[in-house]
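On the provided structure of chain Y, position chain F as indicated by the hints.
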Amino acid sequence: MSATTKKIEAKRAELAPVISNFLFHTPEGPKEEQKEYVELKITIRDYLKDKQFRRVVSEVLFDLQKDVSGSTRERLFKLYQELGLHEDAYKKLNSWQWHKIAKGILQLSKMNVKDAYHIIKRFVNDRRSVVRKQAELATVSLRTEGIEYVLDSTRFAISEWQQLKLIEVLGNKEGYRPPEFKDWLISSNKDVVLFALRLIKHYNQIGAEAAITTLVKHKNDTIKAAAVNCIIDFNFHSALPTMKRVFWKSNNDVKIAILNAFAEMGTPSDLFFLEDVSKNEKNFLVASKAQSAMNRIQPDAVLPSKDLIDVEEVPVVESSTKEDTELDFLSLLDIAVIYEEVLPAEQASIEFSEVEVYDVVTVTEETVESYYENHLNPEKGLDAANAHTMSTQEKMDIYIHMTQEERINLLLELKESSKPQDIKFLEFIAEKEDHSEIRYKAFRILQGLEKNENQHVNGGVDTPAVTETNETDYTVVDYDTIYKPEDSVFYPLFNYGDRTGKVVLVKEAGKIGTDKEVVFLNHLLETETDKVLLTAVKEALDRLQPKPSDTGKDESETVNLDSIRNLEVIVDVETLDEHNSEEKEEADQRLPLELLFLNESLEDENPNQEEEIEQLFSFEIAPEYFKDDYNKLVS
Amino acid sequence: MSSGSIEILIQYMNMVFLTFSVVLFSLFTIMGYLSARNSLHYRKKNSFNDLSKIMASPLAPSITIIAPAYNEGMTIVENVRSLLSLKYVNYEVMVVNDGSKDDTLEKLIAAFHLEKIEKQIDPNWRSKPIRGIYKSTQKSFGKLTVIDKENGGKSDALNTGMYLSENRYVGCIDVDCLLLPDALLHIVKSFSQRSKKKVIAVGGVIRVANSCTISGGTLEQINLPTNWLARFQLLEYTRSFLLGRMAWGRIDSLLIISGAFGFFDREVAIAAGGYDTNTVGEDMEIVFRMRRYMHDQKIPYTIEYIPDPLCWTEVPESLEVLVKQRDRWSRGNLETLKKHKEMFFNPKYGTLGLLSYPYWFFYEWLSPILEFFGFFSIIIFYFMGILNWEFFVAITAAIYAFSIMFSFYAILWDVYSYNQYNKTKDILILMFCAIIEPVAFHPIVVWSAIKGNYKKLFNIQSGWGAMTRKGFSKAA
Chain Y
1 MSATTKKIEA KRAELAPVIS NFLFHTPEGP KEEQKEYVEL KITIRDYLKD
51 KQFRRVVSEV LFDLQKDVSG STRERLFKLY QELGLHEDAY KKLNSWQWHK
101 IAKGILQLSK MNVKDAYHII KRFVNDRRSV VRKQAELATV SLRTEGIEYV
151 LDSTRFAISE WQQLKLIEVL GNKEGYRPPE FKDWLISSNK DVVLFALRLI
201 KHYNQIGAEA AITTLVKHKN DTIKAAAVNC IIDFNFHSAL PTMKRVFWKS
251 NNDVKIAILN AFAEMGTPSD LFFLEDVSKN EKNFLVASKA QSAMNRIQPD
301 AVLPSKDLID VEEVPVVESS TKEDTELDFL SLLDIAVIYE EVLPAEQASI
351 EFSEVEVYDV VTVTEETVES YYENHLNPEK GLDAANAHTM STQEKMDIYI
401 HMTQEERINL LLELKESSKP QDIKFLEFIA EKEDHSEIRY KAFRILQGLE
451 KNENQHVNGG VDTPAVTETN ETDYTVVDYD TIYKPEDSVF YPLFNYGDRT
501 GKVVLVKEAG KIGTDKEVVF LNHLLETETD KVLLTAVKEA LDRLQPKPSD
551 TGKDESETVN LDSIRNLEVI VDVETLDEHN SEEKEEADQR LPLELLFLNE
601 SLEDENPNQE EEIEQLFSFE IAPEYFKDDY NKLVS
Chain F
1 MSSGSIEILI QYMNMVFLTF SVVLFSLFTI MGYLSARNSL HYRKKNSFND
51 LSKIMASPLA PSITIIAPAY NEGMTIVENV RSLLSLKYVN YEVMVVNDGS
101 KDDTLEKLIA AFHLEKIEKQ IDPNWRSKPI RGIYKSTQKS FGKLTVIDKE
151 NGGKSDALNT GMYLSENRYV GCIDVDCLLL PDALLHIVKS FSQRSKKKVI
201 AVGGVIRVAN SCTISGGTLE QINLPTNWLA RFQLLEYTRS FLLGRMAWGR
251 IDSLLIISGA FGFFDREVAI AAGGYDTNTV GEDMEIVFRM RRYMHDQKIP
301 YTIEYIPDPL CWTEVPESLE VLVKQRDRWS RGNLETLKKH KEMFFNPKYG
351 TLGLLSYPYW FFYEWLSPIL EFFGFFSIII FYFMGILNWE FFVAITAAIY
401 AFSIMFSFYA ILWDVYSYNQ YNKTKDILIL MFCAIIEPVA FHPIVVWSAI
451 KGNYKKLFNI QSGWGAMTRK GFSKAA
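If you read the protein sequences in the order shown, they are chains Y and F.
Mapping to UniProt numbering: the first sequence position 578 is 578, numbers consecutive.
Mapping to UniProt numbering: the second sequence position 422 is 422, numbers consecutive.
Isolated chain Y, as found in the complex:
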C-alpha cells in the first residue's frame, strides 16, 4: 500500500463518523448542537478547497449512500450537492479516460443528481462499452422516462448482463409504473426486442398477445425462445398454431420451449402434431420432450416401449361358434384368441337404451390378414390399394406414423382410387393433418367423393360400398379414441347451463351434432344422473346414430349381431347416409346456436309462455322443436 493511499485511508476513517453526525443532525436539537453544526459546516467547506480532501469526502458520502435510506438518504444527496461535490463528477465526464467518465456517471446517478440526466443520456450511444453501460443505467435510474429513452435511442446491443442490471435498477424505483413495453417489440434492434420481451414478462404485461405471437416467427432463435417463454407464462393459446408452423425451422432450444408450451397449453387435438414430432425429430431430447408433452396432455398417451419382454400382443378378437374356420385360421397365424362363452341368441339382444360403445368388429379371414399384415407390420405401410380393405381406425393408426412425403403419396393414390369407405379416413386427415397442402388434398378428394355419392343417389346407381356383403360395409370407428368430450362445442356451454338449458343443448346436439357430439353424449350418458337429461341424451344419440332396426334393413345385413357381445350400436354406412340426407333437409330449419341462449333467457322470464316463444321463432325453428320433443321432455 503506498503512502498516499494510507494517508487517504486514514482521512476516510477520521471523516466518516463526522459526516455521519452531520447527516443525522436535526434542527430541533439544543442551541449548542446547532452552533457546533454550523461550525462543522464551515470547517468542512474550508477543507473542501483541498483536492484530496474533496475526494475523500466524496468517497465517504458515496459509501454512506449504500447504507442509508429514507430521509437520511435524501439529506445525504442534498449535502453532496450543497458541498459542490457533484461538480467534480461533472468534470470527470470531460475526461478522455473511459474509466473516469464511467466513474463520474456512476457518482452522479448514485447521488441522485437529477440535473445530470440530460448530460448523461448523451453517452447512451458511446462507443466505449463501459461508459455506454453506465450511461444506460444512470439514465434509467435518474428519471422514470429513462428506460423509454434508452429503448428508443440505443443503437448498440444490450448484453444479457446489462439487461439484468437495468431490470434491477427499475425494480429499485419506488412506485414505478412501467410503460407498455410492447411498443418496443417492433424495434429494429434485436436486443431491444429481446429486452422488451423480458420486461413484458417481468412486469406481466399481457396485452401484447398478437405481437408476441408474431415474434415466434422471428429469424433470431433467442427472440423466438423468449417469445415462446412469454407465451407459456401468459397462457396464449392462440399462439399454438403459429408455434406448430415454426417448429421445424427452429433450433433445439426453441423446439424444447415450444414443446413445453404444448405440454402446458396443448389439447388432445395437438397430439397428432406431437406424435409427428416424436417420430420424425432426430434429436433425442426433443423427441422425448414431445412424448412427455403428449403424456401431459393425455396421460398414458405414450407408454414405455423399450426393454420390454418380447411378447406378441394382438388385439382381442371376440368370436362366436360360427367362426370355426376363422379360428383355425387364427391359430395358424399364431394369434392369441380369447374364447368366451357364447350367449344364446335370445340373450344376445341388445338394449339400445344402454348404448355405450360404437364399435363393430367383423372378423373375417380378409380383415384379420390385412390387419396382421398392415397393422402388426406397420413398416409395410399404407397405400391406396390396401387402404380400402382396412378399417378407418387401422388406417389412422398407420397414417400418424407416416412421413410427410408418404402421406402426400398416399393422397395422390387415393385421388385416383378412393371409395366411399375412405370418407371417414379422409375426413380425419382433413381435420387433423397439420400440413396445409395435405389437408387441402384430402379435402378435395372428399369433395370429389361426396359429389360422386350424390350422383349415385340421384341417378339411382348402387354404390358398391353399401351393396356389398357385410365384410366392409360397416365403418369401424371408435370415436372415443379420436375425440374427447371436451372437443364438442356443446361441452363448455353445457357445463354452464341450468337443467333446462342442458336439455335444450342436448337436443340441439342430437340435431346438428357430428362424431364429436357422439362422444360428448356418450360421456353424458355415463356421468349424468338426471333422468330427464338422460332420456334427452339417449334420444339425441338415437338421432345421431340410429338403430339398425330403425333403418328398416334386414337383420342379416348387420353382421352376426347375435354373436358379438358388448357391441351395442352398429353404424351402417347406408342407413347413416339415408339418415344424414333426412338430417340435411332438416338442418336448414334448425335454430341457430346464438338464438338458443336468447330462447333460454326468454324461457326464464316467461316460463309459461311457450306459445309466445313459438311465435317468436316460428320463422326458423322446426315445428316439432317445442311441440313434440321439448314439451315431452320437460313435462
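Rather than coming from a laboratory, the hints here were simulated on the basis of the structure.
Mixed in with the good hints there might be a few duds.
As a list, the in silico DSSO-like pairs of lysine-lysine whose alpha-carbon atoms are at most 30 Å apart [to be verified]:
| no. | chain 1 | residue 1 | chain 2 | residue 2 |
| --- | --- | --- | --- | --- |
| 1 | F | K196 | Y | K11 |
| 2 | F | K298 | Y | K121 |
| 3 | F | K44 | Y | K100 |
| 4 | Y | K282 | F | K298 |
| 5 | Y | K91 | Y | K51 |
| 6 | F | K196 | Y | K100 |
| 7 | Y | K110 | F | K44 |
| 8 | Y | K217 | F | K53 |
| 9 | Y | K31 | Y | K7 |
| 10 | Y | K6 | Y | K92 |
| 11 | F | K425 | Y | K282 |
| 12 | Y | K110 | F | K116 |
Only part of the chain F face toward chain Y is listed, based on derived beta-carbon distances under 7 Å [claimed, not checked]:
| no. | residue |
| --- | --- |
| 13 | R43 |
| 14 | K44 |
| 15 | F48 |
| 16 | I54 |
| 17 | L59 |
| 18 | Q120 |
| 19 | K189 |
| 20 | Q193 |
| 21 | R326 |
Here are some of the chain F residues that sit facing chain Y, going by a computed Cβ distance under 7 Å [unchecked claim]:
| no. | residue |
| --- | --- |
| 22 | S57 |
| 23 | D122 |
| 24 | R126 |
| 25 | K128 |
| 26 | S192 |
| 27 | S195 |
Beta carbons are placed, not taken as given, at the ideal position from N, Cα and C, and that holds for glycine.
Below, chain F alone, put in the same frame as chain Y:
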C-alpha cells in the same frame, strides 16, 4: 566428420539456441506487458459492478456444475456440501460417480437422502452406460443431482454430465476443488456481459490450497505451503495463470482452460463434440475443438478469463505424483497438438493459427525437449573440448536472469493485484523459490516432459495416474 563440418554444426546450433532464446525473451516480455494491461483493464471495468444484487435475480442464467467423482468416498460429502453453498440462485450441482469402487455413491445417498428417478436417456449417447440418476427427497438439497455410471474416465463422466444437464452453461470442475462462494456470479457475469461476441467458455485462476485452512467449505486462512514442491508449483501457477493466460486472454488466443475450473456454453460444447475420451489432455483439446467449431461456423466468439482467485486446489507434494501429473500433461499437450495440426501457421485461424498454436508447439512442447538435448550436448561438447565457454556462460546467465526476473514480476504483480500472501516472510520465501527454481524444480518438469513424450512416441500405455491428496486443513 571433418573439423570444418563440426565447426559449422556448432555455429548452426548456437544460432538456433540464440534465436530460440531471443524469441522466448521477447514473447515473455510482451506477455508481461499484455497481462498487466489486461489485469488493469479488468480491475477498472469491474470496479463498477455490484455482483451481489444479481445473485438473487430470477432472470439469472442457469448453470450446472459437473463434478466427476472416482473413489472419492473419503471427502465426497464435504466437497458436495461446499458446492451446494455457493452464492447463486439458479444453479445445479451434478456429481457424476464414474463407477467408483469405493462407497462414494452410498455415502452420497445416505448424506443427501437421494432416491433414483426416471429419466429418458438417448440409447445412442456415446458415454458409458448410466446406471441411475438420483435426486434428493429433501428440498434443501434440491440443487443436487447424482449420476451413477460405469467407469469411463473423467472425460466420459463430464460428457455424461453435459448431456444430462438442461442448463445453458456447464462448469467442469474437480470435485475436490474449493470454489469461493461468489465464483458463479463472476462466471455468469463473464458469460453474459458481452454483446457482440458469444462467450463460449470461461476459465479462471487456480490457486494452491496446500496448508490453507478450510472450514465448512470456506477458505478461512490463506497460508504459504510448507512443502517445497508445493511452493515451487505455487510460483509456477502464479506465473502461468496471472501472466501467461492473462496475456493470451488479452489477444483472445487462450488455448487452454484448466480442467479443474472450466465453464462452457453447453450447446456449443456439445455441438463441437464434447470432451475427447481418447486423450489425457481433454481440457486443452476441448478448447481447441470449440474454437475451431466457432471458426468454421463463422460465428463471432470469445473465451473469457477471470484473474480473480475463485478456485483453490491441492497440488502434489510428492515427487512421484508430480512427475506422473506432468508426464500426463505433456502427453495431453502432444496429443492435442497432433490432433489439431491443421491449425499450425494456418492463417484461416487468425492469431490462433499464426501465434498461439506455434507458441504451444515451440515453447510448451519443443522447449523441454531442446533443453534436455541441449544439456547432453553441453556435456558431450565439454568432453570433446569444443564447448564455446563464452557463449555458453552468456546465454545461460541471460536465461537464468530473465527467468528470475519474470518470476519476481509475477510475484509482485500478484501482491499488487490480489495480495494473497501478505506476510513479508512469505513473499521473501517465494522470491527465494524463484532464485533456486531453475536448478531445483525446473529439471523435474523437463524430465517429466521427456518421459511423457517418450511414452507417447513409443506408444507405452499409461493412464491418468493416481493423485494422492492430503485433504484441506480444518480450522481450529
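Now the hints, each set against the structure:
no.: 1; hint: F:K196 <-> Y:K11; result: violated, 43 Å
no.: 2; hint: F:K298 <-> Y:K121; result: violated, 35 Å
no.: 3; hint: F:K44 <-> Y:K100; result: holds, 10 Å
no.: 4; hint: Y:K282 <-> F:K298; result: holds, 25 Å
no.: 5; hint: Y:K91 <-> Y:K51; result: holds, 13 Å
no.: 6; hint: F:K196 <-> Y:K100; result: holds, 24 Å
no.: 7; hint: Y:K110 <-> F:K44; result: holds, 18 Å
no.: 8; hint: Y:K217 <-> F:K53; result: violated, 34 Å
no.: 9; hint: Y:K31 <-> Y:K7; result: violated, 35 Å
no.: 10; hint: Y:K6 <-> Y:K92; result: holds, 24 Å
no.: 11; hint: F:K425 <-> Y:K282; result: violated, 62 Å
no.: 12; hint: Y:K110 <-> F:K116; result: violated, 51 Å
no.: 13; hint: R43; result: violated, 9 Å
no.: 14; hint: K44; result: holds, 4 Å
no.: 15; hint: F48; result: holds, 6 Å
no.: 16; hint: I54; result: holds, 6 Å
no.: 17; hint: L59; result: holds, 5 Å
no.: 18; hint: Q120; result: holds, 4 Å
no.: 19; hint: K189; result: holds, 6 Å
no.: 20; hint: Q193; result: holds, 4 Å
no.: 21; hint: R326; result: violated, 37 Å
no.: 22; hint: S57; result: holds, 6 Å
no.: 23; hint: D122; result: holds, 4 Å
no.: 24; hint: R126; result: violated, 12 Å
no.: 25; hint: K128; result: violated, 17 Å
no.: 26; hint: S192; result: holds, 4 Å
no.: 27; hint: S195; result: holds, 3 Å
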